[in-house]
Amino acid sequence: MTLAQRRYWRCPRCLATFLDPDQHPCRSTEREEYDRHQNRVDDPHYQAFLKPALEAVRRRVAAGSRVLDYGCGPGPALGRMLTDADYAVALYDPLYRADAGVLQPGYDAITCTEVAKHFHHPAREFQRLTALLRPGGWLIVMTRFQTDDARFAGWHYRRDPTHVVFYRPETFRHLGRRLGWQVCCTPPHLVEIQRI
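Sequential numbering from 45 applies to the sequence shown in the numbering used here.
None of these hints come from the bench; they were simulated from the model.
Don't take every hint at face value.
[To be verified] Taking CB as the label site, the calculated pair distances span:
| id | residue 1 | residue 2 | range |
| --- | --- | --- | --- |
| 1 | G145 | A48 | 34 to 44 Å |
| 2 | L47 | R102 | 35 to 45 Å |
| 3 | R51 | S72 | 16 to 26 Å |
| 4 | D192 | D79 | 26 to 36 Å |
| 5 | A106 | W199 | 29 to 39 Å |
| 6 | A107 | P65 | 33 to 43 Å |
| 7 | Q148 | M45 | 37 to 47 Å |
| 8 | R71 | A48 | 16 to 26 Å |
| 9 | S72 | Q171 | 23 to 33 Å |
| 10 | A107 | D66 | 37 to 47 Å |
| 11 | A194 | G108 | 41 to 51 Å |
[To be verified] Below 25 Å or equal to it, Euclidean Cα-Cα: the simulated DMTMM-like pairs (lysine to aspartate or glutamate) are:
| id | residue 1 | residue 2 |
| --- | --- | --- |
| 12 | K161 | E77 |
| 13 | K161 | D193 |
| 14 | K161 | D137 |
| 15 | K161 | E99 |
| 16 | K161 | D143 |
| 17 | K161 | E76 |
| 18 | K95 | D204 |
| 19 | K95 | E169 |
| 20 | K161 | E74 |
| 21 | K161 | D64 |
| 22 | K95 | D193 |
| 23 | K161 | D66 |
By construction, the Cβ of each residue, glycine as well, lies at the ideal position given by its N, Cα and C atoms.
Can you make the complete structure from the sequences, with help from the hints?
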């Protein structure tokens, strides 16, 4: 389908909707868009938005565990919240904290909040994240699920130029079968994934 000169495709196996790869934004365009966001570490509204991810980590792994905040952005609010909850937190973001040294296997949990919609190569990214988890470890994803196609054209989430892939719960279940995950999806935006 084409919407406002943007071409979208649907994967027939996992039901993800994705922007034509020829139309993906470049890194500088992504950076310009992200820099407009006001996701400050000390913003109580942003912290409240991230709280489901924090609570998922707290349910799944003990304090003191190693957690990677993957795609933490310029203001790693969730990283700070996890640190305050006594987790050993590493931060990674390809634009703001591109320290490949933290991308080492053995994490007890990885958070990926509002990041997966930006993945230009989602299968590759999820394989990478799975490899960084210890067996039994948890991947906590927050991304707004796509609902019915009739509302897709007007969906605010779609109109952000940096959002290139949109998931349904079935997308994560399909990935789980391929990557060895147990998956729990909680609409509208939380996925708790355990590496088997």
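For each hint, the structure was consulted:
1. G145 x A48: 34 to 44 Å: holds, 40 Å
2. L47 x R102: 35 to 45 Å: holds, 39 Å
3. R51 x S72: 16 to 26 Å: holds, 22 Å
4. D192 x D79: 26 to 36 Å: Hint holds: Cβ distance 33 Å, inside 26 to 36 Å.
5. A106 x W199: 29 to 39 Å: holds, 38 Å
6. A107 x P65: 33 to 43 Å: holds, 41 Å
7. Q148 x M45: 37 to 47 Å: holds, 41 Å
8. R71 x A48: 16 to 26 Å: holds, 22 Å
9. S72 x Q171: 23 to 33 Å: Distance hint for S72, Q171 holds at roughly 27 Å.
10. A107 x D66: 37 to 47 Å: Cβ of A107 to Cβ of D66: about 46 Å, so the range 37 to 47 Å holds.
11. A194 x G108: 41 to 51 Å: holds, 47 Å
12. K161 x E77: The hint holds at about 14 Å.
13. K161 x D193: holds, 17 Å
14. K161 x D137: holds, 14 Å
15. K161 x E99: The hint holds at about 21 Å.
16. K161 x D143: holds, 21 Å
17. K161 x E76: holds, 17 Å
18. K95 x D204: holds, 23 Å
19. K95 x E169: holds, 24 Å
20. K161 x E74: Distance ~12 Å between K161 and E74 Cα, so the pair holds.
21. K161 x D64: Status holds; Cα separation ~14 Å.
22. K95 x D193: At roughly 29 Å apart (the allowed maximum being 25 Å), D193 and K95 break the hint.
23. K161 x D66: The hint holds at about 16 Å.
Consistency note: the structure conflicts with earlier hint 22 alone.
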